[in-house]
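**Student:** Here the protein sequences line up with chains P, Z and Y, keeping their order. Going left to right, the first sequence walks through residues 0 to 299 as numbering that gives the first Met the number 0 numbers them. Going left to right, the second sequence walks through residues 0 to 238 as numbering that gives the first Met the number 0 numbers them. Going left to right, the third sequence walks through residues 0 to 252 as numbering that gives the first Met the number 0 numbers them.
Take every hint as true, because none was put in to throw you off.
Restraint-style ranges between C-beta atoms, simulated for each label pair:
| id | chain 1 | residue 1 | chain 2 | residue 2 | range |
| --- | --- | --- | --- | --- | --- |
| 1 | P | R215 | Y | A95 | 51 to 59 Å |
| 2 | P | Q53 | Z | E132 | 25 to 33 Å |
| 3 | P | A230 | Y | R171 | 51 to 59 Å |
| 4 | Z | E195 | P | A26 | 51 to 59 Å |
| 5 | Z | G108 | Y | I242 | 39 to 47 Å |
| 6 | Y | R171 | P | Q53 | 16 to 24 Å |
| 7 | Y | H4 | Z | P38 | 39 to 47 Å |
| 8 | P | G78 | Y | M228 | 35 to 43 Å |
| 9 | Y | A54 | P | A26 | 33 to 41 Å |
| 10 | P | A18 | Y | A67 | 32 to 40 Å |
Please keep in mind that the hints were generated in silico from the structure rather than gathered at the bench. Only a predicted model underlies this, so the values are computations on that prediction, with no experimental measurement involved. Backbone N, C-alpha and C define an ideal beta-carbon position, used for all residues, glycine too.
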Amino acid sequence: MAHIPDGFLSAPVLVGTAAASAGAVVAATRGRARFAERRAPLLGALTAFVFAVQMLNFPLGAGASAHLLGGVLVAVMVGPWDGILVIFSVVLVQALLFQDGGIAALGANTLNLAVLGAGGGWLVYRWAFILAGRSRQLLAVGIAAFFVAVLTGGAVAAELALSGAVPLTPALVAVGGSHVLVGLSEALITVGILRMVRRARPELLADAPLPSAVTRRWVVGTTAAAVLLAAGSYLASTRPDALEAAVARLGLDRVGVATSLPWADWWPGGPWGRALVGIAAAFGLAWLVFRVAARRDGAL
Amino acid sequence: MAALIEVRGLAYRYPDGAQGVRDVDFGVRAGERVAVLGPNGSGKSTLLLHLNGLLLPTDGEVRVADLPVSEETAPAVRRKVGFVFQEPDDQLFLPTVLEDVAFGPLNAGLSAPEAEARARVELRELGLEGQAERAAHHLSGGERRLASLATVLVSEPEILVLDEPTAALDARARRLVVDLLRDRTETLVVATHDLEVALALCPRALVLDGGRLVADLATADLLRDPDLLERHGLSAPLA
Amino acid sequence: MSFRHLDHWAEVPSLVTRLAPPARLLAMVAVALGAALLPMGAWPQMAALLVLVLAFAATARIPAPAFAARLAGPLFLVLLASCAVLVLAPGEPLWALGPIRVTDTGLVRFGSVVGRATPALGAAVVLVSTLRFPELLEALRKLRLPSAVTTALGLSYRLLYTLADEIERLRRAARSRNAGHGAAGRRRTAMGIAAASLVRSYARSERVHRAMLARGYSGALPQLHAQPMDVRSVVVLLAVSAIVLLVVSSAWL
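Please put together the full structure from these sequences, using the hints given.
**Tutor:** So this is what it looks like as structure tokens:
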């Protein structure tokens, strides 16, 4: 259920996601107006392509077949901002003329598919590209496609849960779980298509400038830190007594630092929820660092 | 008499290194009608794209109405040169045929009502007024070709450049297009591999082969020379 | 392909199609928004908005069977997804069959989802049945959507049709070559078609760009002025918005 129909999301979630995605779309057009208009024929062609390719069937075997969302595919070819605009255009027309995704839910669907799917997809792709190296570009693409599909599933589940339609845990398991499968097929199909495209017209996949060694060290370092932080926060949330003991040993309790994360009690989903937030926080921090490093490096 | 179009020592090299055309020299006087003939890959399209500044020479010079064609002069050159591309679908890119035909006049600064009026007149002249509000994919192949012509003729350019105007057309549509063009007074440069069309429309023929200009002669003389035709990958009419 | 209906559904002239495109668009968006923003359990308000949608559909002279058919597909998907809402809700079960428990919370949630979705989907069907694509573009432009989006969308309409024809040709060529058998083979064929059409899309966009430049394109798509926002359109739009506002606020207050 990548496109959320109308009726499922509550008013606050509709408004919140609409505001967030509107901000992103405006940011994507700000300051690039003239540039984007000269690219209009290409963006129009890609919008049409995403439309058409979403209707194609990719057999998986045993009678099952998959469809392509295309966010990472587009982002790899034209970058995050144009990627957001292309997918937004697709989602807009799908909502207004195809009843694929609700009209009121346009904000949520834009957030999930365009901002997260294409914008976030590009970020994860760049991240993985820096880690994996230029010779493994397609590996980076596959990682991005998989991760972002799962992230999209998580976002849908979170939006449904926050709307009170379904509880978080089953939503995460069902929607998130099914999006793990979507992620696998998305990765497989995106990589397959781009491999053939690269063979025919390699210049279409020519990338942004290679990151410097400094950036590379930052990225590797913060990835490691993020993974440790996420693992640590999960362990801590399931073994609060161990955390308390450690804090006491370090004498931090006297400084009044909260030993249990303040929102842990009301956050839905128990340890799942806390781990989710921990990972999200780690990624957010890492992303910030990446942006600073990449900007210094001129790679963005 | 000063030539309306002057091509001196034109050479063009593609970004990937392939040589498109080289050592091309010719002039076209106002009102002249010239066919550009040659086998596939001979550089006809490449040459034509220089006439309105869509390609800029890597060597040599192109002058149109005494303007040297460059990035700065390209907009002015394009107002004098109407370019009809090989593929009508590439020229009919707006949701309705009317918008497509009005696109040129609107860009030239005409007001919306004026541009619409001109577009409707042009469509009527080509027998397409019933198709104005339709999308191009609802038109037949011949109608699409006429519509693509309309998008250019509406701006009344001095020079018409056409790249394979009768490709993929049936006999009736081909006749329609040729009749339409035959009655016009603009300077004409037509790239085609259809020798009958060349003979019907253009008294003069330029022959390209391997990117070079290998012949510049009267079309009738060319067709009387089977050696020349065969040497450069053209063939005489079968009848 | 399944987008070809776009050119045919909105051809029936009616009182609705005489409204200016922005009014047509905003009226139905208002209804859809209103329905989606209703709180859970607001049954009378959901019914009221549904009636409003049906009134519009009748005024637009959409034949009832056509309306039902266009609504059926997406509504069925909503019903399917709502079943999850029904059975996953917490609370004391009213009725149980094995692991499936239906609680009263579940019933309220299920009913609310379907009750909100139906008028919203109905509004969407009225929209696609009364607004042609060029008119939708005009409405989006008048509503000041970013020109990068409206220009790209404007071009994508024709590009989609030519692309669909290309894909059909590629498919036929693959079939006549007896390409790929079995799931993996067919998948590879599909990926090949997608890749080829992506590369051709790039090439086509370059050619279209050239054709645009040849006719003086300098970055903006100039517009022919179509239907102006007349008084009647404004009045109808305001009336619809007022009704929706009334209905929604009555549910929240």
